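Okay, here's what each chain looks like letter by letter:
Number of protein chains: 2
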Amino acid sequence: MKSKKQVNPPLGLALLFIFVILLGTIALKVPISTYHRISWLTAFFTTTSTITSTGLTVVDIPKTFTPFGLTIIAFLIQIGGVGIMTFATVIYLLIGKKLSIEQMMLIQEALNQNSFKGILKLARRLFFFSIFFEGFFGILLCIRFIPKLGWIKGICHGFFYAVSAFNNAGMTLTSDNLIGYAGDPVINVLISALFIIGGIGFVVINDIWDKKKWREFILHTKLMIISTVVINIIAIIIILSLEYGNPKTLGPLTHGEKFLAGYFQAVAPRSSGFNTVDTGDLRPATLFFIMILMFIGAGSISTGGGIKLSTFASLLVMITGYIRKKNEAVLMERTIHENQIFKAMTLSLLSIAIIFIAVFALLISETKLSFLQIAFETVSAFGTVGLSTGITSQLSSFGECVIALIMIFGKLGPLTLVLSLTGREKQKVRYPDGKIFIG
Amino acid sequence: MKSKKQVNPPLGLALLFIFVILLGTIALKVPISTYHRISWLTAFFTTTSTITSTGLTVVDIPKTFTPFGLTIIAFLIQIGGVGIMTFATVIYLLIGKKLSIEQMMLIQEALNQNSFKGILKLARRLFFFSIFFEGFFGILLCIRFIPKLGWIKGICHGFFYAVSAFNNAGMTLTSDNLIGYAGDPVINVLISALFIIGGIGFVVINDIWDKKKWREFILHTKLMIISTVVINIIAIIIILSLEYGNPKTLGPLTHGEKFLAGYFQAVAPRSSGFNTVDTGDLRPATLFFIMILMFIGAGSISTGGGIKLSTFASLLVMITGYIRKKNEAVLMERTIHENQIFKAMTLSLLSIAIIFIAVFALLISETKLSFLQIAFETVSAFGTVGLSTGITSQLSSFGECVIALIMIFGKLGPLTLVLSLTGREKQKVRYPDGKIFIG
Ligand SMILES: [K+]
Ligand SMILES: [K+]
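Protein chains in written order, with this note's numbering: chain G, 595 to 1033; chain H, 595 to 1033.
No lab work stands behind these hints, which were simulated from the structure alone.
It is possible that some hints are incorrect.
One copy or any two copies: either way a pair holds, since identical chains are not told apart in the list.
Derived lysine-lysine pairs resembling DSSO-like cross-links, with alpha carbons at most 27 angstroms apart [what the hints assert, rightly or not]:
(1) Lys692 with Lys937
(2) Lys962 with Lys842
(3) Lys742 with Lys805
(4) Lys962 with Lys852
(5) Lys657 with Lys805
(6) Lys747 with Lys852
(7) Lys747 with Lys937
(8) Lys623 with Lys807
(9) Lys711 with Lys937
(10) Lys842 with Lys692
(11) Lys715 with Lys742
(12) Lys806 with Lys816
(13) Lys657 with Lys691
(14) Lys692 with Lys807
What you are looking at is a predicted structure, and each value in this text was computed from that prediction instead of being measured.
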């Protein structure tokens, strides 16, 4: 019998995730889910893309899946968004069961917490927030959709889009994503508000919900609010500058529409992956800039992906500190602990390494696609974003598997995944220092 | 009057470097240096490319520069290779002068040392090694070149190639680099031996020269020897696999020539930048792999560039350690100090950031070039490699300036450059810890 010390929460999470993907694959493969037969690979890819809230697709979703299939997709988006473990925990608590130590360790790992303290409350809150925001914005979206699409279709659209947006899935019920709504301010504002709230992270929402006053917020909340505002403003300026005169994207729009579409394309890449202009028509410089946004991603413990905005901000604080020869990373009169900085750097470098390996593999297998298309697709998968230059359906089977794997890496976090592969190792000897020249 | 505490060695080095570039630009611009007039920008770009031992060129070097101009180029390669500060120090010592504290601080910074101990000896040794290896291999190359090119041309070629190879400049006196020698084992072996010795780093050569026995070598020497062998074997296998059947590169060669050319293209990208096949004809996957090699680069305190092989190896040790949940980075029973790991991570992330900013700028300015061409050129400049898909002469003036700036960044090291911009700052308050969620 294995001792309790050998429980490996990252491995548990990874296995649970893969198990749910297999279930989802079967659910989407059954004939009542689709109008015409799809391959196992397509079912697997779609499930993975859905449950990781990525939204990359090899088939036309509304033309392929029946209302039954779409319901399964919405359900997968929902459990992927709040997290499988959170979902399971809340169900468990609702039916009155108690969690075992092992289950507590899993939910602790899933919520990126250092102790058991408050994690059940956080899980319940997280679930509540999902229902609350999806319900509230869903109703507002219905009010917009019903006059246009009729009662049944309007309500279905309203709630599907609310679920898809809050969970940063970026999936829509039209084949051209949100391009048809490029000039619709109500849709643009409602959808972007939803994915920004979902993407800023449950810890932040929780903190705001509880305290309501700026000076009482924890450092993480202040950092996330400020950096979300700053990065979005920078992104809006850069994307408007680059695309304002592009005849294929913002060029033909009115001034007001240009700003609306510029705003939307600037805030969407950090995980939601909706688009109101054709991504493949953006300039190469814009695509490259969007790749950086996709890599950075949304908030920690949110429905979004990427290395996370707080990780990126910590790196910036650390590097500026290093350049100014400070001994510690200081942010708003708080020291960011060395271990956190170390984790941020390891996570970033590991993420870059994983993306590079995937790009290298795809360059070998997808000889007809350009380097930019491949790099963009890979980073989009890693950041669980789902924007694409339009090549997803052209990928080889091998390419689809690579992208699916990267989506799983991106969703679970590279650290969780690699830590799941290894056991805890005890340091037995303290070795003397050895000098290595750096740089 | 400024106090001595305000001396900023990184700034001093950077200013000295820029001053020498200006001198070199003037020297290459004077009419006796060239057969036909070149622009100031071309003179500046060529000087920068030469003194940083990069070797990217916007003009055909042997057809543009007179023997006088080529002599200046060889001289610039030489002082760039051993380092301006080392060069100046040795001249100073030779004429019997004593170095001031400020000068000692400059040479300490230039040689990446933590104290004054032994640095003058190291500088002298470094100079001696250059003369020794260039002289010895120069004679061997002359023996090869004289029968082919006659006495005068043969001797000039022999020593120019020796200087160019030992200093990892990668410049040749033929317009097609070493493509004409693709099947010549003597040239391939002599040139590659020279740039591998020059690239492994003076600390390593010094250590081997003094101790001669493996078990007495310092950790850095062992690490560099092992990792040079390992990375070269991996590179040979990957490049042979990818290019073996490529009709534009290795395809038409005999089996023996294929291995020779595969070997050469595998060992050259980590800074020398010579090539025996046309770089622009390599497959995209090969170019991407070469980009990674160029980024990694050669040894610390060597004639090569990149983040340095020892930096890369430290990162690997650290990340594997992190994954295996060890508390420290251990290599060959020696602990790599936390500060070193921290420096390695900061350097890598800063390098990536600089490359990304340059690529973004070039994507905006060079609309006719592909993402792969631009990324390859930028990483080549950063690693002071000089391989190119053939686009250097197509760059806009703005693009040339960006690439020149990146070569300077790459040669001085991003850390030296950014540290030169800032003064030392004293930490006055110890702030309490603040929690930020990472990943
Ligand atoms: K998404
Ligand atoms: K070079």
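My question is about lysine 806 and lysine 816: at a cut-off of 27 angstroms on alpha-carbon distance, are they close within one copy, between copies, both, or neither? Result: close within a single copy only, 12 angstroms intra versus 58 angstroms inter.
Checking lysine 692 and lysine 937: alpha-carbon separation at most 27 angstroms within a copy, between copies, both or neither? Cα proximity of lysine 692 and lysine 937: none, with 32 angstroms in one copy and 47 angstroms across.
Tell me, please, which holds for lysine 657 and lysine 691 at an alpha-carbon limit of 27 angstroms: within, between, both or neither? neither (41 angstroms within a copy, 83 angstroms between copies)
Give the relationship of lysine 962 and lysine 852 under a CA distance limit of 27 angstroms: within one copy only, between copies only, both, or neither. between (33 angstroms within a copy, 26 angstroms between copies)
First find the shortest C-alpha distance between lysine 711 and lysine 937 inside one copy, then the shortest across copies, and answer within, between, both or neither for a cut-off of 27 angstroms. Within one copy only: 22 angstroms inside, 35 angstroms across.
At most 27 angstroms between alpha carbons: which applies to lysine 657 and lysine 805, within, between, both or neither? neither (46 angstroms within a copy, 73 angstroms between copies)
Have a look at lysine 747 and lysine 852 and pick one of within, between, both or neither, based on CA distance no larger than 27 angstroms. neither (29 angstroms within a copy, 64 angstroms between copies)
For lysine 623 vs lysine 807, is the C-alpha pair at or below 27 angstroms within one copy, between two copies, both, or neither? This pair counts as neither: shortest intra-copy Cα distance 49 angstroms, inter-copy 65 angstroms.
Homo-oligomer pair classification [lysine 742, lysine 715; C-alpha up to 27 angstroms]: neither (40 angstroms within a copy, 82 angstroms between copies)
Could you place lysine 962 and lysine 842 in one of the four classes (within, between, both, neither) given a Cα distance threshold of 27 angstroms? both (23 angstroms within a copy, 17 angstroms between copies)
Treating 27 angstroms as the Cα threshold, decide for lysine 842 and lysine 692: within, between, both or neither. Close neither inside one copy (57 angstroms) nor across copies (66 angstroms); limit 27 angstroms.
Should lysine 692 paired with lysine 807 be assigned to within, between, both, or neither, using CA atoms and 27 angstroms as the limit? neither (35 angstroms within a copy, 64 angstroms between copies)
Violated hints, in rising order: 1, 3, 5, 6, 7, 8, 10, 11, 13, 14; the structure is consistent with all others.
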